[in-house]
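S.K.: Below, each chain spelled out in residue letters.
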Amino acid sequence: MKTIYVDNAATTAMSDTAIKAMTPYLKEVYGNPSSLHTVGQVAKEALDKARADIAKCLNCEAREIYFTSGGSEADNQAIRSAAANGARKGKKHIVSTAFEHHAVLHTLKKLEKEGYEVTYLPVHSDGLITAEEVAAAIRPDTALVTVMYANNEVGTVLPVREIGAVCKKAGVTFHTDAVQAVGHIPVDVQADNVDMLSISAHKFHGAKGVGALYCRRGIPLNTFIEGGAQERNKRAGTENIAGVASMAAALKEACDNMSANANKLIKLRDELIDGLLKIPHSKLNGDRKNRLPANVNMCFEGIEGEGLLLLLDARGICASSGSACTSGSLDPSHVLLALGLPHEVAHGSLRLSLSESNTEQDVKTILKAVPEVVAYLRNMSPVWEELEKGERPHLI
Amino acid sequence: MALYSEKVMDHFTNPRNVGKIEDADGIGEVGNAKCGDIMKIYLKIENDIITDVKFNTFGCGSAIASSSMATELIKGKPLSEALALTNKAVAEALDGLPAHKMHCSVLAEEAIRAAIKNYYDKNGIAYNKADFPDPHDEEEEHSFNED
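Just so you know, the protein sequences line up as chains A and B, in that order. First residue of the first sequence: -14, per our numbering; consecutive thereafter. First residue of the second sequence: 2, per our numbering; consecutive thereafter.
I should point out that these hints are in silico values taken from the structure, not numbers from a laboratory. What you are looking at is a predicted structure, and each value in this text was computed from that prediction instead of being measured. Be aware that a few hints might be false.
Derived DEER-like restraints, expressed as beta-carbon distance ranges [stated by the list, open to error]:
hint, chain 1, residue 1, chain 2, residue 2, range
1, B, Lys78, A, His379, 34 to 40 angstroms
2, B, Asp96, A, Tyr361, 22 to 28 angstroms
3, A, Lys(-13), B, Asp96, 25 to 31 angstroms
4, B, Asp132, A, Ala72, 58 to 64 angstroms
5, A, Tyr361, B, Asp24, 22 to 28 angstroms
6, B, Gly97, A, Met(-14), 22 to 28 angstroms
Built from N, CA and C at the ideal position, the CB exists for glycine as well.
Assemble the whole structure, with the sequences as input and the hints as a guide.
M.R.: And the structure:
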């Protein structure tokens, strides 16, 4: 049975280019970039080159890129840093959204306990917010606005450029978690008016455990891990050179092929959405137009997502869901709830996130499997029976 | 290691006793859609023996597997044995459930109990009310026997 991997928003397979780029740093170029000898300096050159390559892809300077262990660390460092610097000026208010990644939300929750005030902008049912809403939430004591570039679950692409312009005008630092966006849609920190931006290599076919934080020159960045002088004193620890090399190569490849990849993915995505919407009482989550090229997120009424995932997995299809059972908590995904979906509908969600290696045949297989599995689960669902008998109102 | 035992996967992918009994003698429904699991059990009872049992479940893989296993365990058994079925026995028969899924086996125990209570109520059969506590309100607590 062929495996059809459509969970690329969770993680991607490494590309051959990325593996090839990292291999020398696992073998012959094993030096510590902080060492003065030749073996160390060769490693340092690799680090510098990777930094320059990544900076070019994001349209910033190499010195504005700080390597981290991934997107979560970058989010933590950016938010904590901006919060601490705001507090020094008596500014302890932060603006964000209700459907950020937990790396952002949990950091903000912690800051609230430490005396900060956070405005979580409610998300519209289409999975978007507007720059005007951000502008209205900014106060004289606002230290930071942090709004994700694209949502990891429902795939909506937020108006980051406009939000950035609002922040720039108000003189407020703007951070964006761009983990799902970078490498998939054009991101330009200058044009987008971004002060801080988080990326993660494994979301665009690089290695896991490596990411970066872009921090604009002049925006103060606090040291997150104490120790040596690596990363301009902002993040101690011997650098993950192999990982960084894979990230730079993967990002360059993703950016070089972005429009061709997007065209292919959008076609597959739209076929999936149109095909799955034929299932009665189904719904697409997130705005259809402002959407990542690879994201499909649906709800099917009357079923629970985990069963759906297990049965699809039995057919070789690897997907994900925002149901409570898959999140390990009692509530379904905070993202789907933030879009205003009722609990019972959010439990029946399915996310398919494509990559360039998916094919038309994959789409055909998925479009055959999902309706069959949904029908099978509905057939044994007492909820579906009540919906069909009219004892319970259809919500979608 | 896979999330579920082979037995759970077997009962999830080939569930036994799925369906409804139109002229059921007792029907029990527990759980709620908001929490993501509802279990409905139909019993056919003759001379205090469960002659047939069917279920419908809205829920995750372990909820469906727990329903399937529980129906297997009580089919053909006297009511007294069905009433004595514990969630732990259901989970053990499935070769175990992950800790955070134990509440699925609780739902199975409660659904059977609710169906038997429904049978008693319909037929005016006296019973000790203490044997039939209200099923857990899932929204308030998910406490269950984990060991």
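S.K.: Which earlier hints turn out false for this structure, listed by number in ascending order?
M.R.: Of the numbered hints, all hold.
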